[in-house]
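Chains as they are written, first to last, in full-length UniProt numbering: chain A, 1 to 283; chain B, 1 to 283.
Simulated from the structure, these hints should not be mistaken for laboratory data.
The structure displayed is predicted, hence computed values, not measured ones.
There is no bait here: all hints are sound.
You can't tell identical chains apart in this list, so a pair holds if it fits in one copy or across any two.
In silico DMTMM-like links for lysine to aspartate or glutamate, alpha-carbon gap of 25 Å or less:
1) K117 / D15
2) K249 / E190
3) K270 / E190
4) K203 / E116
5) K203 / D113
6) K203 / E82
7) K210 / D194
8) K237 / D165
9) K76 / E5
Protein chains: 2
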Amino acid sequence: MSQMEIRSITKKFGDMTALDNISLKLEENKIYGLLGRNGAGKTTLLNLITNRIFPTDGEILVDGENVIENERVLSKIYFMTENNYYPENMTVKQAFKWSSEFYPDFDSEYAADLCEKFSLNIKQKIKSLSTGYTSIFKMILALACNVPFVLLDEPVLGLDANHRDLFYKELLINYSEKPKTIVISTHLIEEAADIIEDVIIIKSGKLIVKEPVENVLSQGYAITGSVSAVDSFTNDKNVLGADTIGGLKCAYVLGSLIKAGIPDGLEVTKPDLQKLFIHLTNR
Amino acid sequence: MSQMEIRSITKKFGDMTALDNISLKLEENKIYGLLGRNGAGKTTLLNLITNRIFPTDGEILVDGENVIENERVLSKIYFMTENNYYPENMTVKQAFKWSSEFYPDFDSEYAADLCEKFSLNIKQKIKSLSTGYTSIFKMILALACNVPFVLLDEPVLGLDANHRDLFYKELLINYSEKPKTIVISTHLIEEAADIIEDVIIIKSGKLIVKEPVENVLSQGYAITGSVSAVDSFTNDKNVLGADTIGGLKCAYVLGSLIKAGIPDGLEVTKPDLQKLFIHLTNR
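Just chain A, with the same shape it has in the complex (with noise of 0.2 Å):
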């Protein structure tokens, strides 16, 4: 049983209150979304929960360990980061056997497979990869250390649609098959809708959001029919964005529905998270 618990976590940078009384728990084998703006505070937290930054004040425990200078506690923790801390000259293939010695259950034959999926050439140099297979390599050691705890950071930063969709695919298949806890935080949220079970939104510094997805998705509805229906039906409320293909339109609206009060013609479906998200986080 693998549990991971945030208590009250503030972090400061000078005078700049990066995280401000922060907690939070993640259950075992779950998929978290971690979203927030830009600068809103998500690679902090990550680096805190893996020892890479200290905090100012609270702590975090993984299986009720403090995490600092805990190589034990920081082992069942896989943190793919915009950093790089491989050595220079380092292949892909090298890359792994060093990272076998980390984690001892590293899955060396599916991550060849990956590599094949993905036509990473594992001779080559970790630091001659262009954005999206520096991303994509990243992906395949996080998916490959089976470990309880996967920290993914902008996985998919880089990857064209093609390797996006295989990755959302990938990640699936094997939370699946070893389920584990997964943190993805990304800014395509529209597309990681679909994997993310609960969503943490961060709001400059603050945690404003943890719940699951469908909660967030019930503070808004989206409504679909004839372009001037549409608009008719929501010329007194809280039009979030819209959709228009063909005559057809369809209007994210922020708001609870009453369901009776619905014209013929229209049909009321899930909103859309990224403009919900994008209505949270406003300035």
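Starting from the structure of chain A, add chain B where the hints point.
Only chain B this time, still in chain A's reference frame:
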């Protein structure tokens, strides 16, 4: 009258042919989308245009002059690249000052205005910026330098959804007030589809598409209606993908449409550029 001509460009790295006999013209005051899979050769092409690397064969002319070691020609081009060429400890403000020396028409007031809109602190050191804010910093430089050619390599890398929206808006304002030739290389195709005029697609080092976006989109169509009606209509067709909202389905179909054959209740609309791209570039 500014024009760029890429003539039979081939670039090899050792045994590997990164670009294979590419020829294309970039016209004045047009927005191009440079699309391709990870590793297709997009960044190599941009590096060749800006003389960061040398072609194995062929030449690139700007207003009739070869770009190679030609400072006068190169000062007409701004390249927003993934790499950082700024001294380690430089602040955003200092970088603006530095840029205005190389680009005499650099608009400092406009740059400061954009910093405010994107909440970028001009006193921050460039190296301390997050991935998202590094993109914002470079994008502001690109918009403010006032040159005839602006090349944007993944301009929205790491930007949150709100900032991506703001970027597309500011880019269009900039383009309408001070027209220029803009090349956007991006993997977030659907978001950029509305601002691109011509699409350039490179596949494994070869130019496979260079056409107005409408021509590319005319290779397919989308059809919307009830799930059952759409399914029965697309049964014998090449479906690239589909979205459903409520009881409605929108399927993306490859091929041309015989208008006479559309059953009642179905509506034909513009297809999705990203889905067509995935189809055109799949290995």
